[in-house]
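The hints should help you fit chains R and D with the ligands onto chain X, whose structure is shown.
Protein chains in written order, with my numbering: chain X, 1 to 228; chain R, 1 to 409; chain D, 1 to 418.
It is possible that some hints are incorrect.
[Unchecked claim] Keeping only pairs whose Cα atoms sit at most 30 Å apart, straight-line, the calculated DSS-like set for lysine-lysine is:
(1) D:Lys108 - D:Lys273
(2) R:Lys248 - R:Lys207
(3) R:Lys16 - D:Lys108
(4) R:Lys306 - D:Lys16
(5) R:Lys300 - X:Lys141
[To be verified] Computed beta-carbon distance windows for the label pairs:
(6) D:Lys273 - R:Ile332: 50 to 60 Å
(7) X:Thr60 - D:Phe285: 39 to 49 Å
(8) D:Phe285 - R:Ser227: 50 to 60 Å
(9) D:Asn76 - R:Gly210: 27 to 37 Å
[Unchecked claim] Non-contacting residues of chain R with respect to chain D, defined by C-beta distances greater than 12 Å in every case (computed):
(10) Phe2
(11) Lys16
(12) Glu71
(13) Gln90
(14) Asn109
(15) Arg125
(16) Asp165
(17) Asn190
(18) Met304
(19) Lys399
The hints are simulated quantities; they were obtained by calculation from the structure and are not laboratory data.
Quick caveat: nothing in here was measured; it's all calculated off a predicted structure.
Virtual Cβ for every residue (Gly too), placed ideally from N, Cα, C.
Here is how the chains run, residue by residue.
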Amino acid sequence: MGLLKLEEVEKIYRQGEIEVSALGGVSLEVEQGEFTSVAGPSGSGKTTLLNMVGCLDQPTNGEVYLEGEGISKLDKDQLALLRRENLGFIFQGYNLIPVLTVYENIELALKLLADRNNKDIKEQVMKILTAVGLGEMADRKPNELSGGQKQRVAIARALVKEPKIVLADEPTANLDSKTSIDVLEVMVEMNQKLETTFIFSTHDPLVMESAKRIIKLKDGEIIADERS
Amino acid sequence: MFLVRLAVRNLTRNKKRTLIVAMIIAFGIVFFVMFNSLVLGLERSYFDNVIDFESGHLQLVDDDYWPRQDELPLHNLITLDEQLQQNLSQVPNLKSYSPQIRFSANINNGLDELPITAVGVDGERKKEVFKLEEHLIAGELFTADQSGAVLGSSLAELMGFELGDYLLLVFTTAEGVFNTLEVEIVGVVNTPNPKVNDKQVYIPYQKASGALNTEDKATEIVMRLESDTSIMEAKEFIKNNIVAEIDKYAVYSWRDSAQDVVAMTEVQDIENRIITSLFLLIAAIGIINVIILAALERIKEIGMMKAMGMKEWQIIKIFMIEGLGIGVIGSIIGSLMGGVGVYWLVNYGLDLIEPDFGLPVVERTYGVWNLSAFIFVIAFTLIVSLVASIFPAYWAVCKEPVDALGGVN
Amino acid sequence: MGYLPVIAVRNLSRHKLRTLISIIAIALVVAIVVVARGHIVGYLESTYDSYINYDTGHVKIINQEFEGRERLMSLNYPVAGFAQDGISKMKEELAEVDEVKYILPRIKFGGAVSQEDELTNVMGWGLNIEQEIAAIDFDQQLKAGRMPLADSEEIIMGQQLLERLELAVGEEITILYNTAIGSFQGSSFEIVGALETGLGLIDGNVFILDLSQAQQMLNMSDEATELLLIGADRNRTDSLVMEMDELFGSFEAATEYSIIPWNAPGKIIDYFKIGERIYNIIYIFFILMGSIILINTMLMIVRDRTREIGVMLALGLKSREIWRLFLLEGIFMGIIGSFIGIILGGVVTKVFSIHGIDYGEAMEVLSDDLLLETVAYTDFSLENLIFSFLLGVVIVTIACIIPARRAAELEPSEALRD
Ligand SMILES: Nc1ncnc2c1ncn2[C@@H]1O[C@H](COP(=O)(O)OP(=O)(O)OP(=O)(O)O)[C@@H](O)[C@H]1O
Ligand SMILES: [Mg+2]
Numbered sequence: 001m002g003l004l005k006l007e008e009v010e011k012i013y014r015q016g017e018i019e020v021s022a023l024g025g026v027s028l029e030v031e032q033g034e035f036t037s038v039a040g041p042s043g044s045g046k047t048t049l050l051n052m053v054g055c056l057d058q059p060t061n062g063e064v065y066l067e068g069e070g071i072s073k074l075d076k077d078q079l080a081l082l083r084r085e086n087l088g089f090i091f092q093g094y095n096l097i098p099v100l101t102v103y104e105n106i107e108l109a110l111k112l113l114a115d116r117n118n119k120d121i122k123e124q125v126m127k128i129l130t131a132v133g134l135g136e137m138a139d140r141k142p143n144e145l146s147g148g149q150k151q152r153v154a155i156a157r158a159l160v161k162e163p164k165i166v167l168a169d170e171p172t173a174n175l176d177s178k179t180s181i182d183v184l185e186v187m188v189e190m191n192q193k194l195e196t197t198f199i200f201s202t203h204d205p206l207v208m209e210s211a212k213r214i215i216k217l218k219d220g221e222i223i224a225d226e227r228s
Numbered sequence: 001m002f003l004v005r006l007a008v009r010n011l012t013r014n015k016k017r018t019l020i021v022a023m024i025i026a027f028g029i030v031f032f033v034m035f036n037s038l039v040l041g042l043e044r045s046y047f048d049n050v051i052d053f054e055s056g057h058l059q060l061v062d063d064d065y066w067p068r069q070d071e072l073p074l075h076n077l078i079t080l081d082e083q084l085q086q087n088l089s090q091v092p093n094l095k096s097y098s099p100q101i102r103f104s105a106n107i108n109n110g111l112d113e114l115p116i117t118a119v120g121v122d123g124e125r126k127k128e129v130f131k132l133e134e135h136l137i138a139g140e141l142f143t144a145d146q147s148g149a150v151l152g153s154s155l156a157e158l159m160g161f162e163l164g165d166y167l168l169l170v171f172t173t174a175e176g177v178f179n180t181l182e183v184e185i186v187g188v189v190n191t192p193n194p195k196v197n198d199k200q201v202y203i204p205y206q207k208a209s210g211a212l213n214t215e216d217k218a219t220e221i222v223m224r225l226e227s228d229t230s231i232m233e234a235k236e237f238i239k240n241n242i243v244a245e246i247d248k249y250a251v252y253s254w255r256d257s258a259q260d261v262v263a264m265t266e267v268q269d270i271e272n273r274i275i276t277s278l279f280l281l282i283a284a285i286g287i288i289n290v291i292i293l294a295a296l297e298r299i300k301e302i303g304m305m306k307a308m309g310m311k312e313w314q315i316i317k318i319f320m321i322e323g324l325g326i327g328v329i330g331s332i333i334g335s336l337m338g339g340v341g342v343y344w345l346v347n348y349g350l351d352l353i354e355p356d357f358g359l360p361v362v363e364r365t366y367g368v369w370n371l372s373a374f375i376f377v378i379a380f381t382l383i384v385s386l387v388a389s390i391f392p393a394y395w396a397v398c399k400e401p402v403d404a405l406g407g408v409n
Numbered sequence: 001m002g003y004l005p006v007i008a009v010r011n012l013s014r015h016k017l018r019t020l021i022s023i024i025a026i027a028l029v030v031a032i033v034v035v036a037r038g039h040i041v042g043y044l045e046s047t048y049d050s051y052i053n054y055d056t057g058h059v060k061i062i063n064q065e066f067e068g069r070e071r072l073m074s075l076n077y078p079v080a081g082f083a084q085d086g087i088s089k090m091k092e093e094l095a096e097v098d099e100v101k102y103i104l105p106r107i108k109f110g111g112a113v114s115q116e117d118e119l120t121n122v123m124g125w126g127l128n129i130e131q132e133i134a135a136i137d138f139d140q141q142l143k144a145g146r147m148p149l150a151d152s153e154e155i156i157m158g159q160q161l162l163e164r165l166e167l168a169v170g171e172e173i174t175i176l177y178n179t180a181i182g183s184f185q186g187s188s189f190e191i192v193g194a195l196e197t198g199l200g201l202i203d204g205n206v207f208i209l210d211l212s213q214a215q216q217m218l219n220m221s222d223e224a225t226e227l228l229l230i231g232a233d234r235n236r237t238d239s240l241v242m243e244m245d246e247l248f249g250s251f252e253a254a255t256e257y258s259i260i261p262w263n264a265p266g267k268i269i270d271y272f273k274i275g276e277r278i279y280n281i282i283y284i285f286f287i288l289m290g291s292i293i294l295i296n297t298m299l300m301i302v303r304d305r306t307r308e309i310g311v312m313l314a315l316g317l318k319s320r321e322i323w324r325l326f327l328l329e330g331i332f333m334g335i336i337g338s339f340i341g342i343i344l345g346g347v348v349t350k351v352f353s354i355h356g357i358d359y360g361e362a363m364e365v366l367s368d369d370l371l372l373e374t375v376a377y378t379d380f381s382l383e384n385l386i387f388s389f390l391l392g393v394v395i396v397t398i399a400c401i402i403p404a405r406r407a408a409e410l411e412p413s414e415a416l417r418d
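This is chain X alone, in the form it adopts within the complex (with noise of 0.2 Å):
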């Protein structure tokens, strides 16, 4: 049984009349500790798809199962659990929440999970900022930092409490591709390290490649599925 499969996946949004099918009938298994890219042209499904596995948004059709257990059968809170057990989630901008410190913003992670001691959570949380080299900047506030760092800051809190997975969307859109590789090494860095596994969507072909296994989306359906 693999960590994650997706099964038919369909989403069918519905704007008034018109029905917009952003993914139809994907199927697809991930294992633990992939390092997987997911590609395609804007509007192609990358974030719909994401989402679905980030158990953000439920599928219409199909079912999603993380480690075996189907997720639509799940109320939202439950999902909440879910994410703040298993998932980790990076974003393009706007990661952090602005009136938390670096630190804070990881430490909330841990925080969320049922009982750790304070003492812990700062060891964790200053292992994973040094990790991702940050470990100087614990007390900055996020508009005190540059789009990199931030992204870093988000991988760390992404990663700090040792997920299952961790979904990245877009998570080097707004960066230059000087940092863009720097985020990404830190990526593969951890999941070489801590054999996280990695979901995340780009269209940028650079960093696609660094992918070792990559889906490309085209109009809701993968065409292709290559492992490198």
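Just chains R and D with the ligands, lined up with the frame of chain X:
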């Protein structure tokens, strides 16, 4: 007007927000016009009570009597002689006049005694000056040559009097000698004026005069005019023709007799204004808030407008028109709702004073239409909304887009 | 769950002006409530006190036939003991009752003062001076002179009445009256004090003498026209009435007395109570209007922070927690605003509690018949401040449910879309 159109569009962008603040304004207006209508209604019934049962439209009295009249003294009286009668008959618009003599007496039913005000009146004339006859609930008013007493219904009840009973009045004469008068009750009145109901006894003028030894003199001569619009004219005439001849006489209008009631309604009016101002103060903050929120939302848009070459005052103007627009919407809603409210007050009234609290009315209170209240409050509202929007509009144009985004990473 | 308040507090300072205006709005409406309520409570309290002290007590016992005819000030319907055996005995029985603290027998009668050719009607109150002082601090109302001594021919008079009669403390006066057996008499008294209660009805009409003196001259030995009972607290009147009903029920002849509580239905105080309740609704209405402004701001805040809410949802916060986060932010504004409001309102009420608002002439129409003071002193009390503060916070909290729910209802995928 391009700016107006833009402002109107902007207002409809967030309809709920606009409407909510407009509702605050509307409540203020509704409150004001309804309260105003009710105060005027109360005032009118107070005044009617004073005119119809206490003072008539005008009173001719001795100048020294007037300030002490509450004590009901029996000196400084007024004589209704031939000359005076002649003069009075020339007063313009005069419907009727009647001398009366008020004096303090104790009413006695053989068991208990109660201080009351006794009024000696000319029965025939009284009918024309005061509205006693319409409010008779038993018996009739006495005529000039009759003997008899008419008293208020609650007084009769309190003393256990019925029609045909004899009541005893105990009083002192003008010389300070005790005297009594036994009179048969010929009528009972129940008027909207609680003073009359509670503590007034009417007896024939001649009889009172004789018992008091006042030689036909009156404490005052009450006059009723054809309409209350001619009061000033009649008062002037009396001043110039009667008071001018007999220096110690003076003429007062009902408004002078109702000083305390006038003061009371003035206080109510001030209360109304204060409360309404508070409503509008809250509304003003609401408008300031809406403009600031709108400006924050549109900070980039404002920057763009500036870049396109729109002048600052034009942008300020847009926001001010928006503020005014909220005021206009609030005024329209408020006037409509207030109109319905006042209509209801005018036609159905309000049972304000259930028990007898000593207020000078006992009836249901009806509202009064007063267009000027509407105009006043709407004008006030519009000024407030305009003023309230100046400051935030000015703030908005001075704000650079970067500042406005502060706090967001 | 310590992080929600932290985030909520820090969020407050993100758009200071926006927050400030909401806080001002709340502060203003709460201040209005403090002042309005202080004014009304102050006036009602002093009116209740006036009535309790001078008219109704906590419970008034009168002859049943006298009920509704008190205006007559008749001496023909006295309170004369359970078995017509005098009020001294009755007082002993009443003193046994737990709830009764003070028993105040009073005789109210009509009289007149004759000066030259003028007769002025006055009202005489025969009081047990010592007990009146203990129960209602009656000596506090003395403007000049001293209280009359027991069994003496001394009286005190309302200040306005003194002025009307052109008399002064220290002078002699003759008062005419009818005794209980209907004989017309006159007595001379020395005026030893002037009374100023602020109540036109008393200050302008009443003279006060010792009860036993009144009993003696009115032929009412061991009788009174009314018996006032004062308990420990006016709010316990119900139990006082119950005990009275029990006590009076145990005497056969006692059915001829009426037991009337100060807040009896149909009496003026009852209408004041209804008024008080109506005002409470008006206060809530005012605070709601202030809350509307806050709701507007909060709705915009929710819209501004949609993305952020999405991030929090992705982090695994439950809708309930998002809801709580925004509610907290609103509550904080409510608390700060209400606090500023009670300080502002407190200052104003303090000023008016010292200086008072003089209604002067406007009150005269009413003060002839009612025990109403012409100067209204605002009630400055901690109770009022706390009440207004809590009312502000509670209503703001309820109002904030609307925007907070809007935030909590956001779907994660919706919130994250740019
Ligand atoms: N909430 C929505 N309502 C209606 N249509 C939607 C909604 N979300 C997405 N869509 C549609 O679904 C399709 C897939 O959108 P999605 O956001 O997944 O694309 P994407 O691959 O992430 O594109 P991009 O690279 O631009 O981010 C698009 O055609 C989009 O218009
Ligand atoms: Mg996308």
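Evaluation of the provided hints:
{"no.": "1", "hint": "D:Lys108 - D:Lys273", "result": "27 Å, holds"}
{"no.": "2", "hint": "R:Lys248 - R:Lys207", "result": "26 Å, holds"}
{"no.": "3", "hint": "R:Lys16 - D:Lys108", "result": "64 Å, violated"}
{"no.": "4", "hint": "R:Lys306 - D:Lys16", "result": "25 Å, holds"}
{"no.": "5", "hint": "R:Lys300 - X:Lys141", "result": "24 Å, holds"}
{"no.": "6", "hint": "D:Lys273 - R:Ile332: 50 to 60 Å", "result": "38 Å, violated"}
{"no.": "7", "hint": "X:Thr60 - D:Phe285: 39 to 49 Å", "result": "47 Å, holds"}
{"no.": "8", "hint": "D:Phe285 - R:Ser227: 50 to 60 Å", "result": "42 Å, violated"}
{"no.": "9", "hint": "D:Asn76 - R:Gly210: 27 to 37 Å", "result": "32 Å, holds"}
{"no.": "10", "hint": "Phe2", "result": "27 Å, holds"}
{"no.": "11", "hint": "Lys16", "result": "8 Å, violated"}
{"no.": "12", "hint": "Glu71", "result": "7 Å, violated"}
{"no.": "13", "hint": "Gln90", "result": "35 Å, holds"}
{"no.": "14", "hint": "Asn109", "result": "9 Å, violated"}
{"no.": "15", "hint": "Arg125", "result": "28 Å, holds"}
{"no.": "16", "hint": "Asp165", "result": "16 Å, holds"}
{"no.": "17", "hint": "Asn190", "result": "17 Å, holds"}
{"no.": "18", "hint": "Met304", "result": "19 Å, holds"}
{"no.": "19", "hint": "Lys399", "result": "10 Å, violated"}
Consistency with the previously given hints fails for numbers 3, 6, 8, 11, 12, 14, 19, ordered from lowest to highest.
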